[in-house]
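Produce the complete structure using the sequences and hints provided.
The lines below spell out each chain.
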Amino acid sequence: MNPAPPAHSLRRQLGIAVLVVLTVLGSAVAIGANILFDRIQARVIEADVAASTERLLAAIRMAGSGPFLDQARLDPAYNRPLSGHYFIISFADRQWRSRSLWDTEIAVSTSDPPGRYRSMPGPDGQQLLLLSRDFTRFGQRFTITVASDYSHLVAEFHRGLALFTALWLLALGMTLITLNSWMARALQPVSRARSQVAEIQAGERQALDEDVPLELLPLIRQINALLEETRHALSRSRYALGNLGHALKTPLAVLFTLVEREQLRQLPELHQSLRTQLDQIDQRISRELSQSQGPSASGVQQSFAPDRDLPPLVDALERAHRRRLAVELRHAAGLMLPFERADMLEVLGNLLDNAWKWAGSRVLVTIDEAPAEWRLRVADDGPGIDVPDDREQALARGYRLDESVAGQGLGLAIAADIVATYRGSLRLDHSPLGGLEVHVQLPKPQGRNY
Amino acid sequence: MRLLLIEDHVPLADELLRRLRTEGYACDWLVDGRDASRAPFDEVYDAVILDLGLPGKNGLDILREWRAGKLALPVLVLTARNSWSDRIAGLEAGADDYLGKPFHPDELVLRLRALIRRSHGADASPLLTVNELVLDEGRQCVDGPEGEIPLTGGEFALLRYLMLHPDKILSKWQLAEHLYSMDAERNSNVIEVHVSHLRDKLGKSVIETRRGQGYIFRGLGS
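Chains as they are written, first to last, in the numbering used here: chain A, 15 to 464; chain B, 17 to 238.
Accuracy of the hints is not assured; some may be wrong.
To list a few chain A residues with every Cβ distance to chain B over 12 angstroms, as calculated [claimed, not checked]:
1. ARG94
2. PRO227
3. LEU228
Partial pick of chain A residues on the chain B-facing surface, computed with a CB cut under 10 angstroms [as the list claims (entries may be wrong)]:
4. ALA261
5. ASP323
6. ASP357
Think of the hints as simulated: they come from the structure by calculation, not from any bench.
Here a beta-carbon is modelled for each residue, glycine too, at the ideal position from N, C-alpha and C.
What follows is the structure, encoded as structure tokens:
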């Protein structure tokens, strides 16, 4: 994978979106529940407090000494200290307090409008809801204030809220994990398309598979159309270049012949420079034609099989040079190289052609396979090139014209050009036979994992 | 030597015909592939120069047809398509030699000379030596014991043909067929004149006459 992930990731963006939506939604639900709970709780407590007030009022009795509170009618909780249930009954100048209040003062403000609920902090961290109401009984005016602790309900609610939050976070996490794997699944066609593009690059495939999700289909179709167009344009320009090159060769042949006419031969200076220029045009065309070769966009048409292809090549060279050499071909039987046959013949043909020019009597061709590349070597027993700088020059010489040997170095340069179109390399070395050895390295086509 | 040139590019054909005639070859010229495919069966040729990109019929197909028809004539393919794979295809189709365009005309002449010599079993050394007579094809003269003997074009062409068929009876008719192109006037008297001039220059025994049959090249050997 790429070491530096790009800033924009669909998966991350979608994750963030889900996170935001679920957080906002969760918070809204929590706040809503809070408000709802508050209301319900208030109603429940209020009802409780109102009922307590009624019961207290009923517990006020009259005796001879005046009004008293019938203990039997009182909720025992009023007698347990800090039980959370409290009352204060005021009448005339007297005040009855529940035992549960112990020594706590509950500030009963007289300014409190009667019949209104009020919330206030109570003893021991309690949360009290307070109601004062005025009653008239036995001709007396009683103010009954009842307070009830509801902190346990709040605690209960907070526990519930914590549980809810925990469950919510769990759901959030699970959603994100699920989302991640769903995204991975949903994006699978994209990575499949990517490996198919790599296959196209390696010439193993013509177009992308159109069996993809609906959303990707327009993109894939567009890419296929682009590929098709590029392929067309490429083959058109290759074809045009090839045609131009070949079409120029016949008129050039006429010029080559014309320049040898007696009238021109009598002007040696003119004759020589015309010949030189014509040779340069010829070499230029040959090189450009070799560069219009190389792996085609539509893949390898015919692979190179040394068993089948090398003997006719050697035969062609023998005929071209009218000279036989002891040619030794070293390669595994049944070998197939995943490169265009015509291009490999052109590379080896040019290298052997060079060897034929220089070899004493022997030429050795070796083809072997390394894990990541193919290695082709053509060695001869000719004079070779001893100085490394001269070897570099021999390769570069194809660009210039060496008048001593027509086209010297051109073959090597053409071979190097074709090798370069396969991202390979060509270098010159000392041969075990004593002369020059040309090493060609051709990386194996990589369809995937690049 | 009579050659068939099959080339559709007129200026090139003009130049080649001019050059080949100065080299002592009688040349017929065809442009269309369909005409070319029958020609060597109808006329007698010693070699063919065949262009591959022809109108009417592809040169390689013509060549395959010839070879399928057991035509053993030496064929030199001349083409702009001169990659090694094209060369191999040409040789596999039955070409004897392959020359890519553009070429130096000297190269064509040398290859043609070698091709014709090989087809007659002679070696490809610069000088044609048969029965101790040495012919310099490049300079169109004989290297005699007393130095160089210059020859006229007609004498050279006749002597070369005779030397490539040593010790064989060659009729005047046969010689005329191989020495003159289709459009040339075939006059057997011309051959008689050339034979007589050659005898004057090289000695009487070089060419033997068989009455009513033709001539035999004997050379300087016994």
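Results of checking the hints against the structure:
Residue placement check: A/ARG94 keeps its beta carbon more than 12 angstroms from all beta carbons of chain B (closest about 110 angstroms). For A/PRO227, the condition that its CB be more than 12 angstroms from all CB atoms of chain B holds, with the nearest at approximately 45 angstroms. Distance check on A/LEU228: its Cβ is at least 46 angstroms (rounded) from any Cβ of chain B, clearing the 12 angstroms threshold; non-interface status holds. Checking A/ALA261 against chain B by beta carbon gives a least distance of about 8 angstroms; that is within 10 angstroms, so the hint holds.
About 8 angstroms separates the beta-carbon of A/ASP323 from the nearest beta-carbon of chain B, less than 10 angstroms, and the hint is met. Checking A/ASP357 against chain B by beta carbon gives a least distance of about 8 angstroms; that is within 10 angstroms, so the hint holds.
When the structure is compared with the earlier hints, no violation turns up for any of them.
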